[in-house]
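Novice: If you want the building blocks of each chain, they are given just below.
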Amino acid sequence: MKNHLPVVELLKQIREKNPVVHHLTNWVTIYDCAQVVKTLGASPVMAHAREEVADMAGIASALVLNIGTLTPEFVEAMKTAAQTANRKGIPVVLDVCGAGATRLRDQKAFELLDQVRIDILKGNVSEIARMAGEKVRTQGVDAVQVEKDMVALAQRLASQRRMVVVITGKEDIVTDGKTTYLVRNGHPMMGKVVGTGCMAASVIGTFAAVEKDLAVAAASALACFEIAAECAVKKAKGPASFKEKLLDGLFTLDAKVLGRMQKVFLA
Amino acid sequence: MKNHLPVVELLKQIREKNPVVHHLTNWVTIYDCAQVVKTLGASPVMAHAREEVADMAGIASALVLNIGTLTPEFVEAMKTAAQTANRKGIPVVLDVCGAGATRLRDQKAFELLDQVRIDILKGNVSEIARMAGEKVRTQGVDAVQVEKDMVALAQRLASQRRMVVVITGKEDIVTDGKTTYLVRNGHPMMGKVVGTGCMAASVIGTFAAVEKDLAVAAASALACFEIAAECAVKKAKGPASFKEKLLDGLFTLDAKVLGRMQKVFLA
Amino acid sequence: MKNHLPVVELLKQIREKNPVVHHLTNWVTIYDCAQVVKTLGASPVMAHAREEVADMAGIASALVLNIGTLTPEFVEAMKTAAQTANRKGIPVVLDVCGAGATRLRDQKAFELLDQVRIDILKGNVSEIARMAGEKVRTQGVDAVQVEKDMVALAQRLASQRRMVVVITGKEDIVTDGKTTYLVRNGHPMMGKVVGTGCMAASVIGTFAAVEKDLAVAAASALACFEIAAECAVKKAKGPASFKEKLLDGLFTLDAKVLGRMQKVFLA
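Residue numbers (this note's numbering), protein chains in the order written: chain A, 10 to 276; chain B, 10 to 276; chain C, 10 to 276.
If you're looking for bench data, these hints aren't it; they were derived computationally from the structure.
Quick reminder that beta carbons are idealized off the backbone N, C-alpha and C, glycines included.
Honestly, I wouldn't trust all of these hints.
To be verified - Cut-off 25 Å, straight-line C-alpha distance, at most; resulting in silico cross-link-like pairs (DSS-like, lysine-lysine): (1) B/187 - A/21; (2) A/26 - B/265; (3) C/272 - A/201; (4) B/246 - A/243; (5) A/26 - B/88; (6) A/244 - C/246.
To be verified - Listed below are several chain C residues computed to face chain B (Cβ distance under 7 Å; list not exhaustive): (7) 37; (8) 78; (9) 80; (10) 112; (11) 148; (12) 151; (13) 154; (14) 203; (15) 246; (16) 248; (17) 250; (18) 264; (19) 266; (20) 274; (21) 276.
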């Protein structure tokens, strides 16, 4: 069953409201995370000092956490920011970048899930499988295959933790445990560019800043980002020009393109 | 009254002398700050370990500080670097990125102003208003409107602190308290790209490395950067291609383009 | 004497095996280091927390260290990662970025050489001269001229330390003390882009992940990277478009281009 998400409406709201999206993210893709948020029309802010994260989360409309280059101290700052976000009622997105690769990542990802309220958990297939308790061993930050029904796994994890679970891949799975969206946009070139996964989490955070149904927000965000990717790849000559065209395309993305290309289904 | 700044002459000096410009800057735009300095023909160096910042400032011709992703420890390293710069007599630029957004930023920005000599203070309208004691609350790192005569405010702050004050915006204000330049180059697209503000501070630092009149240096730097931006926007399709063309354009910027486009006035 | 390196074969192996290349690198060029590795077909991972570097090195096929934005704590994490790499027998590349500029850099670079096994030492002419005990004073991270026979110096250092020494420059010197390759590809534009030196170290690490003769790996890596640079510069309008085309070009680099352009000699 095909489902039409309010992509155009949400994009319009982002461009009108310019919500502040606070990040505690990794040092590799921090620029791209900020730029993709700004490109959408929102206002990114990256602040990680434990002494100011509560203040910064206090002026934000969404909080995005990413453990890509975590340290124990950095994760403590994430918790402080998330506590403010939780109190204030703004959505918290957690990208469990590299979960399954080291004990530290697993331990800290579970600590975040247990000690603060995560509203949207996002990762690739092996990262989310690890978060659901599977014994996968990821190879760094790239996905490895998992022999599981990932839709069922995502739904179960979403229900258990009462959060939205997002698994990115050829077909993205977005579920709150009840409604499950399958987003079939995107292109393999996204996997050749460092940071598209992190940027996806930032785009999700930006949409979540303006849409209360967080499964709708996340699925709309992914559709939007991946439609821009599909358009970009047509004009790209490799990963670097692809990234440029992806960001340029997101900046001017409109109803015409979005309406024609959206490939979202209900599981 | 229109004023012609020695943009061409200063750019030539930078390209000939290749001054080292030492940065303690933020983790979001650190690459762009380094690249813009190198593009101008100077030699950027980014070093923040407290154990080496004095040595590094010792071989530099200018020091650029930016509190965009500050921590208390990082600010201590800034002070150490600035003390060496002060002793050596090289100019210190401080970009008060995000001042007014959190108590930590305000406190640390004032500490820097009070404990070391800042030669050029740079920020957007709300950041500088905050540094002048106004009760603005900035939304992260993007400017909010301030109902003040910003020229008068900048002049007063410059006189009080005996430094050059730079307010970037549609019309940039550069003043040492006596002479005030209004730079009217630039394009709104600059506001769509993360890091143009930080890069502007690095460009200012680079010009300050070769020109003793720091108001002239800062106004020339902004004119130069913003003329390149005006040229870039004509060929850009969005923020990412704009940034590429901006850096490419700065690399080859010459007297012909600079002379034709410079829009600098005296207040 | 002209020498043909197995560039095509090694590039094929990288694209087939997708080795994990673990980095503890600097914060300026961390994105480009990751992207260049991914562009070649390998899997970059950047992780620096002392609590996880051993685990991460444990799943990697090569380790790349870069002291560009070092702190004492960061160097301790490098040692921990290198100890795992040494035990596991995977190659460790050290880019002594900025050696000769500050006492901290010199001290920490020598500590790394003395306390763990570095398999490939890489730097520009003044950085490597410093590592060989010469009293050069580098200007930040850019090379200064050294009045020495650099081939002899590299060979001596390689023999003393039983490692491969790589000096990048107009003509790159790669030696294990016995065989010395001179790679004559490349273009001065590489020196106008921040991060080409750091990326070169990452490319070397990626080739070293699939080739046991580390001098062959390093020379092949440089030839490959610099041939892509030569192709890129033909279509570039400045440093930013050059970098884009360099990464795009590496992504599709094939036997035809490589075979035609390779300019490697034996000293």
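Novice: For each hint, tell me whether it holds in the structure or not.
Specialist: So, going through the hints one by one against the coordinates:
Between the alpha carbons of residue 187 of chain B and residue 21 of chain A the distance comes to roughly 46 Å, so the proposed pair goes past 25 Å and is violated. Simply put, residue 26 of chain A and residue 265 of chain B have alpha-carbon atoms about 41 Å apart, too far for the 25 Å limit, and the pair is violated. About 29 Å separates the Cα atoms of residue 272 of chain C and residue 201 of chain A, which puts this hinted pair outside 25 Å; it is violated. Distance hint between residue 246 of chain B and residue 243 of chain A is fulfilled; the C-alpha atoms sit about 15 Å from each other, no more than 25 Å.
With a C-alpha separation of about 38 Å, the suggested pair residue 26 of chain A and residue 88 of chain B falls outside the 25 Å cut-off, and the hint is violated. With a C-alpha separation of about 19 Å, the suggested pairing of residue 244 of chain A with residue 246 of chain C holds against the 25 Å cut-off. Evaluation of the residue 37 of chain C hint against chain B yields a held restraint, the C-beta minimum of about 5 Å falling below 7 Å. The closest approach between the C-beta of residue 78 of chain C and any C-beta of chain B is roughly 6 Å, which is under the 7 Å cut-off, so the hint is satisfied.
Hint status for residue 80 of chain C: holds, given a least beta-carbon distance of 4 Å to chain B, under 7 Å. Checking residue 112 of chain C against chain B: minimum C-beta separation of about 6 Å stays under 7 Å; hint holds. Using the Cβ-Cβ criterion of 7 Å, the hint placing residue 148 of chain C at the interface with chain B is satisfied: the shortest such distance is roughly 5 Å. A least Cβ separation of about 5 Å between residue 151 of chain C and chain B falls short of the 7 Å threshold, and the interface hint therefore holds.
The closest approach between the C-beta of residue 154 of chain C and any C-beta of chain B is roughly 13 Å, which is over the 7 Å cut-off, so the hint fails. Restraint check, residue 203 of chain C versus chain B: the minimum CB separation of about 4 Å is within 7 Å; hint holds. At a threshold of 7 Å, the smallest CB-CB gap from residue 246 of chain C to chain B is about 5 Å, leaving the interface hint in force. Because the closest C-beta pair between residue 248 of chain C and chain B is about 6 Å apart, less than 7 Å, the hint holds.
Here the hint on residue 250 of chain C is kept, as its CB sits about 5 Å from the closest CB of chain B, short of 7 Å. For residue 264 of chain C, the interface hint is violated, since its Cβ never comes within 7 Å of a Cβ in chain B; the closest pair sits about 30 Å apart. Interface restraint check: residue 266 of chain C against chain B, minimum CB-CB distance 24 Å, threshold 7 Å, status violated. Because the closest C-beta pair between residue 274 of chain C and chain B is about 30 Å apart, greater than 7 Å, the hint is violated.
Annotation: residue 276 of chain C was flagged as interfacial toward chain B, and the flag is violated, the nearest CB pair being 30 Å apart, outside 7 Å.
When the structure is compared with the earlier hints, violations turn up for hints 1, 2, 3, 5, 13, 18, 19, 20 and 21 and for no others.
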